[in-house]
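Use the sequences and the hints to build the structure in full.
Under full-length UniProt numbering, the first residue of the sequence shown is numbered 1, with each subsequent residue one higher.
Hints are computed from structural coordinates only; laboratory data are not their basis. Worth double-checking, as some hints may not be accurate.
Unchecked claim - Ranges of calculated distance between the beta carbons of each label pair, as one might list FRET restraints:
no., residue 1, residue 2, range
1, Pro50, Leu23, 33 to 39 Å
2, Glu132, Glu22, 21 to 27 Å
3, Asp137, Gln163, 30 to 36 Å
4, Met1, Ala51, 41 to 47 Å
As the list claims (entries may be wrong) - Below, simulated DSS-like cross-link-like pairs (lysine-lysine); rule was C-alpha separation at most 25 Å, straight line:
no., residue 1, residue 2
5, Lys125, Lys146
6, Lys125, Lys108
7, Lys146, Lys108
For every residue, glycine included, the Cβ atom is placed at its ideal position computed from N, Cα and C.
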Amino acid sequence: MQFVYVMEPMCGWCYGFQPELELFLSNRPGAEISWVMGGLAPDTTEPMDPALRDTIASYWVQIERRTQVRFNHDFWQLNTPRRSTYQACRAVIAAQSMQAHSAIEMVKAIQAAYYLEAKNPSLDKTLIACAESIGLDENVFEATLKSAATEAQFQQHLQIARQLQVSGFPALFYINDTGHAYPLALGFCHMGDLEQRLETICNDA
Numbered sequence: 001m002q003f004v005y006v007m008e009p010m011c012g013w014c015y016g017f018q019p020e021l022e023l024f025l026s027n028r029p030g031a032e033i034s035w036v037m038g039g040l041a042p043d044t045t046e047p048m049d050p051a052l053r054d055t056i057a058s059y060w061v062q063i064e065r066r067t068q069v070r071f072n073h074d075f076w077q078l079n080t081p082r083r084s085t086y087q088a089c090r091a092v093i094a095a096q097s098m099q100a101h102s103a104i105e106m107v108k109a110i111q112a113a114y115y116l117e118a119k120n121p122s123l124d125k126t127l128i129a130c131a132e133s134i135g136l137d138e139n140v141f142e143a144t145l146k147s148a149a150t151e152a153q154f155q156q157h158l159q160i161a162r163q164l165q166v167s168g169f170p171a172l173f174y175i176n177d178t179g180h181a182y183p184l185a186l187g188f189c190h191m192g193d194l195e196q197r198l199e200t201i202c203n204d205a
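This is the structure we're talking about:
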């Protein structure tokens, strides 16, 4: 079975969805999943607006209530947040290009750094540390992160997200044998919802 997962490593709902996705995929050990970086917020060095900081911090509380994950809320006191997530997306693409099957490892490393360790993934140093934590050479990773090839791949990812008409994350699609994409998740849901939707799609095919 083939799936396309359009996500964003600095999206709290994607973090909350990760345990549900892993449970779903654990029932399908032969499944192929393509990780597509959706790009939540373009590059900027400007500090996040205080009102937006408060809004996102409140989302973390909501996500904790609805999902299995926990957040380190000290992030907001220990960092100067930016509304800037594109570099984290590039980091996942760079990791995958360096070592097969590294996309999920890099996503989880970024999520752990951001949501559990209160580190800022908008900063290259955080992303380089994440790469090193999953066994990638930090110097090669830094060069790959900043390369034109990685940027070109990222633009392709954004194009795929547009083609699938993704307007929010997480977004999981089942791809059938003819290449048609069926949405299984457009926003957070539980593993049981994914199972039920996939069963309906396969029965109707």
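Hint by hint, here is what the structure shows:
{"no.": "1", "hint": "Pro50 - Leu23: 33 to 39 Å", "result": "holds (37 Å)"}
{"no.": "2", "hint": "Glu132 - Glu22: 21 to 27 Å", "result": "holds (23 Å)"}
{"no.": "3", "hint": "Asp137 - Gln163: 30 to 36 Å", "result": "holds (34 Å)"}
{"no.": "4", "hint": "Met1 - Ala51: 41 to 47 Å", "result": "holds (43 Å)"}
{"no.": "5", "hint": "Lys125 - Lys146", "result": "holds (13 Å)"}
{"no.": "6", "hint": "Lys125 - Lys108", "result": "holds (17 Å)"}
{"no.": "7", "hint": "Lys146 - Lys108", "result": "holds (21 Å)"}
Checked against the numbered hints above, the structure breaks none of them.
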